[in-house]
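Undergrad: Listed below, chain by chain, are the residues.
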Amino acid sequence: DTAVSQTPKYLVTQMGNDKSIKCEQNLGHDTMYWYKQDSKKFLKIMFSYNNKELIINETVPNRFSPKSPDKAHLNLHINSLELGDSAVYFCASSPLPGGRYNEQFFGPGTRLTVL
Amino acid sequence: RKEVEQDPGPFNVPEGATVAFNCTYSNSASQSFFWYRQDCRKEPKLLMSVYSSGNEDGRFTAQLNRASQYISLLIRDSKLSDSATYLCVVTPIGGATNKLIFGTGTLLAVQP
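Just so you know, the sequences run in chain order A and B.
Its first residue numbered 1, the first sequence is counted upward by one per residue in the numbering used here.
Its first residue numbered 1001, the second sequence is counted upward by one per residue in the numbering used here.
I should point out that these hints are in silico values taken from the structure, not numbers from a laboratory.
In this text the structure is predicted, and so the values were computed from the model without any measurement.
Misleading hints may appear alongside valid ones.
Pairs of lysine-lysine, DSSO-like flavour, derived with a Cα cap of 27 Å [to be verified]:
| hint | chain 1 | residue 1 | chain 2 | residue 2 |
| --- | --- | --- | --- | --- |
| 1 | A | Lys36 | B | Lys1045 |
| 2 | A | Lys52 | B | Lys1079 |
| 3 | B | Lys1099 | A | Lys22 |
| 4 | B | Lys1099 | A | Lys9 |
| 5 | A | Lys41 | B | Lys1042 |
| 6 | B | Lys1099 | A | Lys36 |
Here chain B stands alone, though its shape is the one from the complex (with noise of 0.2 Å):
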């Protein structure tokens, strides 16, 4: 099983869509979860970090379920601009805890 496993997609979605991804992850003792977002030929950059209690930042939201190892980003509004492959990064506990695991991703195409 992959530590952490996502629906590769790809999700078509026409512009002003609500989108949700899902992402569940293998070591319950995880510390840290983050979204990171890459372009097509690009370089992966960070789009939020998840918060137990969950969190927003404009048209996105995150959710961590610590209890079901799952977290999951919705994105309200899709803009053209928002396509793009969406990983779900998960860090484990002790250690090097700065060692990102992530998931292989899934492709978000908004269409017009």
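The following block holds chain A by itself, in its conformation from the complex (with noise of 0.2 Å):
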């Protein structure tokens, strides 16, 4: 009865390749994120998905590529992976785009080590 699962939990790869993480909630929500944590532990968000349609697109190198194909997946494809991409990835969904209480519920993180 996972909430929010990622694959693969782990993901290293060699600089240049391309690689997908994906994300699915069972919990009804309509919207989706991605968050990036780097090697300091700063969480920060990168794109937000509401009902499919992309409503947060932080500073984000367009190597990177939010795919909703319906509102319970959210996945986020890398193209020509670089070393500063190595961090913990984590998705995340809530019920509502906006309200003053409004909150999200996360993945277990896909570990991504770029060599």
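Combine both chains into one complex, guided by the hints.
TA: So, in structure tokens, the structure goes:
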């Protein structure tokens, strides 16, 4: 009965490769997110989708492309991986795109290592 | 200046101690405030929302001071299981109010 799941949990790859991370939520939420947590543990939002529509797109290289086939899934594709992309990537979901008390539920994270 | 600033710690405290964390935010128009908890190599989880009037949940008390742009978290009677990183989180007003802005976190280590 996992609420927000991500695959894979670990991803080790070479520079220049293209990789994808998948996220699924079974909470019935309309809004999903991708966050990046770097080596200094700083957690920063990358993208947000509400019912398959992109609503937040932070300053992220265009090598990163999110895709939401339906509101329960939000995948992240990364082209031409660089050393600086090494981080933990968290997917999250929330019931609403706005609202004052809007808890976000996080997946377990995908630890990406670029060699 | 970072949007949300926290003392990274670590705070090393004995079991049973009371410990307080502070957080400041730069955008005076910020709308919502939260404390999230992140265990080592795990995902963040909501600990509690922070209301203007202050709020308490068991051993945890959160306070908000809008005039000083300051949020606090007080933990009483610390348990070993409280050891974690505590993340101060703020959402901006207007626009995409679902956007969470995280502080870098304060590491708490409760010692036996």
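Undergrad: Could you run down the list of hints and mark each one as holding or not?
TA: Tested hints:
Between Lys36(A) and Lys1045(B) the CA atoms are separated by roughly 15 Å; this keeps the pair inside 27 Å, and the hint holds. Taking the CA atoms of Lys52(A) and Lys1079(B), the gap is near 42 Å; set against the 27 Å cutoff, the hint is violated. With a C-alpha separation of about 21 Å, the suggested pairing of Lys1099(B) with Lys22(A) holds against the 27 Å cut-off. Between Lys1099(B) and Lys9(A) the CA atoms are separated by roughly 24 Å; this keeps the pair inside 27 Å, and the hint holds.
A distance of roughly 12 Å separates the Cα atoms of Lys41(A) and Lys1042(B); the hinted pair therefore holds under the 27 Å criterion. Among the hinted pairs, Lys1099(B) with Lys36(A) is consistent with the structure: their alpha-carbon atoms are about 14 Å apart, no more than 27 Å.
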